[in-house]
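Student: Spelled out, the chains give:
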Amino acid sequence: MKKLALSLLLMTATLPAMEVVAMPGQSPLIQFRFVFRAGSVNDPKGKPGAAAFTAAMLSNSGTKTQTYQQLLDAFYPMASGFGDQVDKEMIVFSGTTHVDNLEIYYGLVRDMLLAPGWREDDLKRVRDDQKNALRLALRENNDEELGKEVLYNVLFKGHPYEHYALGTLTAIESMSMADLQAFYKAHLTQANLTIGVAGKYPAGFVERLEKDFSVLPAGKPSTVKLAPATQPTETHVTIVQKKTRAVAYSFGFVTGVTRNHPDFAALLVANTWFGPHRSSGGNLYQRMREIRGLNYGDYSYIEYFPRGMYQFEPDPNLFRRSQIFQVWIRPVEPPTAHFALRLGLFELERLIDKGIPEADFETTRDFLALNVNLLMKTKSAELGYLIDSKAYGISEYTAYIQAALKKLTYEDVQKAIRKHLRKDRLQIVAISDNAEELKKQLLSDAPSPMKYNSPKAGDILEEDKIVSTKKLGWKPSQITIVPVEDVFK
Amino acid sequence: MHRFLVAFSLATLSMLTAAEPRKIFDYPYQQHDFPNGLRLVTVPTDYPNIVALYVVVNVGSRNEVEAGKSGFAHFFEHVMFRGTKKNPPQKRDATMKAAGAATNAFTSSDLTAYHATFSKQGLASILELEADRFQNLDYSESVFRTEALAVNGEYNKNSASPTSRLSEKIQDTAFDVHTYKHTTMGFLADIKVMPDQYAYSKQFFDRFYRPEYTTILVVGDVQPDAVKALVEKHWGGWKRGSYTAAVPVEPPQKGERKGTVEWPVATPPWLAVSYKTPAYTDTEKDSAALDIISALGFGPASPAYQRLVLQEQKVDMIGGDADSQVDPGLFTVYSRVKKEQDVDAIRESVISTLNGFKDTLVEKTRLDAVKNNLRYRFALSMNNSESIARALASAIALRRTPETLNRLYALYDQITPEDLREVARKYFVADGRTVVTLSGPKAK
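First to last, the protein sequences are chains A and B.
For the first sequence, counting from 1, position 144 maps to 144 in our numbering; every step adds exactly one.
For the second sequence, counting from 1, position 340 maps to 340 in our numbering; every step adds exactly one.
Any given hint might turn out to be false.
Unchecked claim - Below 30 angstroms or equal to it, Euclidean Cα-Cα: the simulated DSBU-like pairs (lysine-lysine) are:
hint : chain 1 : residue 1 : chain 2 : residue 2
1    : B       : 91        : A       : 456
2    : B       : 91        : A       : 407
3    : B       : 91        : A       : 451
4    : A       : 243       : B       : 192
5    : A       : 489       : B       : 338
6    : A       : 456       : A       : 157
7    : B       : 339       : A       : 47
8    : A       : 456       : A       : 354
9    : A       : 456       : A       : 471
In case anyone wonders, no lab produced these hints; they're calculated from the structure.
Please work from the sequences and hints to get the whole structure.
Tutor: Right under this line is the structure:
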């Protein structure tokens, strides 16, 4: 049903440069996505965070004709707004309005993108916001997201993907209005733009979008050349020292698998068996939380999924040409930190050695074929996925993944696990208060027996013996302690 | 700007000013009460294939009246995933997977909600599965003790956020005897001893997991009669209980209260200014007026926001929040202040902004902008079956019917500047105020 409806409704109007993805429909809610194929990879040398700062400046400041205060006043009665999301290779501005208010809403967001005001008082405020987003929202108040972003940072060392999209505090502090204007001029161009619109918009609206946005510079695609990330020669542990109650971990490695890779569906099945996001059905979750009560949850990922602690479905328009496999162990009590890491590594090794159980293959595959519909439960998400599919050069995602799953065999999954996952040369990031103690424990390779508050089955106790004495064999040079103040400095 | 809004849209105008305002929740729904006290609300929507099922139990941290048992409603939400004899966790997972379901649960002060969103083919099997666990939950002490550790892990992961600690402190300071004194997570000391409460957990299930406390919400691509037949079949035999928690009544607060939280790492200070407010009401104007004041006072189009955030740039976040709860709660203004030395001035600014509502009548255009915002915000959130179900679950926690939303929004429409002044005079009194600040280590 869905496939048919989409192919009938989808009109793609191609201009020389810009593209419009239009999904006309009966909903009175009009969704917009303005997606630019540029991002933090285009941050000029010495100015990490330029893309994110520029986007924040556009979506949180006044236009040539109206102050930000006037914009907020205008958005308010419509209960609408306009937000941005900046990642390595995409900058997206999105918002929703009721069709009642389309005319005024569109006028506002169009001016925000096409006629920014570049006022100094806006710059001052947005600069504070950017610094606080990095320093507080990430570094100081969210140990889990911090661990994940530090993991990307170390995995992509020396690569255009290395720095976090928000940049560094020093760079944000020194960014000038001219820097933002230069980024805007160079990258927010027709060549990079795809406009997505959905809902019951009037006839002629798509043409109007095309005409209005043709005032942007034509530009050239901002896509940069990406060499494969340098793979580490041995496992490395980064312990971020921070005053906090518990110990959070993220670990993984760069894979060559993105959504358009022939093994993507196979790896998706493997990952959905092993560590599906915020689901109690995954193997990691079962072994670490359900059986042993180590923490609140344990998951794994094959695509970037920021803000996972707040949401169940990933946001679209986080297109990347290089993805990682990642395990996320939510905060554990410090006395169990050594054991928890050993267990996480043990489970990864078991996945690689044994693959997924054959009996679980069909149920996992069939689950994914249905569950993909939930990813598209809003029109905004559907639009976002369509734009991503174009970026990946694949067909509409629901149909694409369902077709790939249909062809998949158990052996394909087992092969993909062996081919793309590994148990050595990992980057491991821990967030911990007592970093020296954790380092000492990890280097000692001493047994880390578990004590439970209730009887456990014999097989679990036997497994614990193996896990708690598992040799990691790490040398002091493989463990680095970084004070949190030095992260994204 | 408001001028344009009206000029461009007759529909907007009618939304606002028609003599009989359109119902905010205008989906035709069916509400049915079974003899055992169970209520079913079915809402067919035009979003294809997908069904959102919410089983809402009217129990939350509010019901935790016994000493040492704070956080138990939330803990029990976890225990509910430990299966039954007929459907142990693996089998449950298989049934959910077969429908492509995403499933989880959440607890607040007034409700515990279990939800699943799935392909419509799964409706019968999932309704049967859920009926089984609500009636025949079965878990060993060992499993129970392990689950208590996961709750401790949840506390740990929340504890990295200063706002979690701030909320804890506000509730603890503002309330003396009512159970709103603790947050839904519970006091840490109580969380630590949860593993030892196996016997109590059985009693908890026996008391609250009963049809008279429960409402089943089914939203999406469904036929109400078919849903009713399925619910009758699987849930009809559930036995009614008899327990009611005697929730203590909070005596009137006499005098301003203050609290401070010392945060271990550097942070700009947080400031919370709270006032005692009434229980949620959809018949009197108080709740509706307080919601409107929170927006008028501190929303992005408010003078205070524009002065403090945009012009002076002394705070980077500010917002008002009026509790909608079964029992009297709090109206709180939160702000994050950029510099420690500005905290006192911001506190005075918040207090004087609220005092301003006692003396000065709000301009009608500003009031209309807020009313528009409330209606459009609701309309914009109704963009899929799951979010419709979620909005209804909150309404169910308060009045067990979607109709309370229509009554509340009708009250919003009726609010006059004089109503706002009256409500401000009634509740923004110094004796009912609690001020909590959270700050990092003092600079050396």
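Student: Does each hint fit the structure? Answer for all of them.
Tutor: How the hints compare with the structure:
| no. | hint | result |
| --- | --- | --- |
| 1 | B:91 - A:456 | holds (21 angstroms) |
| 2 | B:91 - A:407 | holds (26 angstroms) |
| 3 | B:91 - A:451 | holds (29 angstroms) |
| 4 | A:243 - B:192 | holds (21 angstroms) |
| 5 | A:489 - B:338 | holds (19 angstroms) |
| 6 | A:456 - A:157 | violated (43 angstroms) |
| 7 | B:339 - A:47 | holds (27 angstroms) |
| 8 | A:456 - A:354 | holds (24 angstroms) |
| 9 | A:456 - A:471 | holds (24 angstroms) |
The structure is inconsistent with hint 6 alone, although it conforms to all the rest.
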